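Protein sequence lines correspond, in order, to chains Z and S. Residue numbers for the first sequence, in my numbering: 35 to 302. Residue numbers for the second sequence, in my numbering: 35 to 302.
Simulated from the structure, these hints should not be mistaken for lab results. Predicted model, so just to flag it, every value in this text is computed and none were measured. There could be a bad hint or two in this list.
Same chains, same label: a pair holds when it works inside one copy or across any pair of copies.
[Claimed, not checked] Mimicking BS3-like on lysine-lysine, the simulated pairs with C-alpha atoms at most 30 Å apart in a straight line are:
{"#": "1", "residue 1": "82", "residue 2": "46"}
{"#": "2", "residue 1": "96", "residue 2": "255"}
{"#": "3", "residue 1": "245", "residue 2": "96"}
{"#": "4", "residue 1": "81", "residue 2": "134"}
{"#": "5", "residue 1": "96", "residue 2": "214"}
{"#": "6", "residue 1": "214", "residue 2": "255"}
There are 2 protein chains.
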Amino acid sequence: MVVLEKARCNMKESEKIRRKIRDGEFVGQTSGVAPGYAQANLVVLPKKYAFDFLLFIQRNPKPCPLLEVTDVGSPYTKQVADNADLRTDIPKYRVYEKGKLVDEPIDITSYWNDDLVAFLLGCSFSFEWALLEAGIPVRHIEANRNVPMYITNIQTNPAGVFHGPLVVSMRSIPYDLVVKATNITARFPSVHGAPVHIGYPELIGIYNLNKPDYGDPPIIKENDIPVFWACGVTPQAVAVNSKIDFMITHSPGHMFVTDLKNQDFALF
Amino acid sequence: MVVLEKARCNMKESEKIRRKIRDGEFVGQTSGVAPGYAQANLVVLPKKYAFDFLLFIQRNPKPCPLLEVTDVGSPYTKQVADNADLRTDIPKYRVYEKGKLVDEPIDITSYWNDDLVAFLLGCSFSFEWALLEAGIPVRHIEANRNVPMYITNIQTNPAGVFHGPLVVSMRSIPYDLVVKATNITARFPSVHGAPVHIGYPELIGIYNLNKPDYGDPPIIKENDIPVFWACGVTPQAVAVNSKIDFMITHSPGHMFVTDLKNQDFALF
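Pulled out of the complex, with its shape left as it was, chain Z reads as follows (with noise of 0.2 Å):
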């Protein structure tokens, strides 16, 4: 046990926690570990849907911000982190057949086979990471909640059997920080990016703030405006309504830890 201290004592953090993870010694939500170092979205589709999906994912990039595609069968990453194995190294998973959540299993090796292709997507903790570097509270951090997300009616691009609305993220900004908050976000074009809509959430369909399709119920704070971003969850989503046969994800909140750092996805 005092050797393997001292190894882990050279690996990174995120390298750190994803062997704890693959270890069972982790098994909570991501949000805070390993700081600095970027979450991704995970989705495991089978071969026969994968060119698919990947169609759908390059004809909506600011939902679906692509960091790696697996070679098929294999569930090891090669650009996004060293030596993560995608079976363990999550801390929970989620199983659908048909569109219907059936598992929620805490390693995946069982499901695994030489058919399926791993996508990983990147998250938006990235991005509310420069948010809070640049001073602009983020109230659902704030208050230890999940970020709450709104079907839009913005229809996505569609491909093949993939189709469906964009979800959205809304973060509640003071009114003299929205821009700061909508150029620094324009930095991290493969994070989301900028929002893709600031103020009149009627106007993309959103007519109840407080009843939110995903997550948590937000807090708005006097003279507070609403700002949505494109969510990770869209490729999900979709993918769960096009009620496919079989598909894995990560649980939400239960992300992938990278090797890359934040900073690293700042376009400038």
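Fit chain S to the given chain Z structure using the hints.
Just chain S, lined up with the frame of chain Z:
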């Protein structure tokens, strides 16, 4: 005259229009002349106010994007234009004494003296060019009107005798282009840059959009959102309010045409 015409053929468009203005051949507004060349606001002050005014500009860069300050007593530009004489190369001027408009001449040679300093400040025409290039409609240009401008409840940072509220210009933007307009104008920090406010005029002390303090009433189409930028009228308004002994400015819409290209102002 033929020789003169030939000489003009080798001039930049900006230099040509300045020469025509100097020769009294052009006396109108400068909107749309010498396309692609940036235009500038003029403020001329006695030396005793110059330090305070420069400090005011330095403390309020968004409404006062400084392009050049002439040497004391010199009416000639060195940085923004070759061979320009600020006493003759602007189509129309305004002369103020103790905060009152006393003259609107087309030439200020008779007012010029060795104690004066000229300030050239960036103009929103440059970022309107960027908006139009990006396919974002600019309603007052479409309607051939002046932009509406409003006095806000936001105070500028005072310096010496100069103090007063921020003046903003308003452009109503289709809701699905607001983020794009925000990010595009952020690329032009030396010509007012990103907006100061998006969406809720009452939060910055504007209660009737249809009654601007300067310029023409706005045209706001369905699903447009009002977006507000710091306005170059601010330093002039502040100088007028401060009731200083003497000041010369350009007459609204009758700007100084520089040799700089609008695109030169893009930060990236």
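Practice problem: Against the structure, test the hints numbered earlier, and report the numbers of the ones violated in rising order. | Solution: 1
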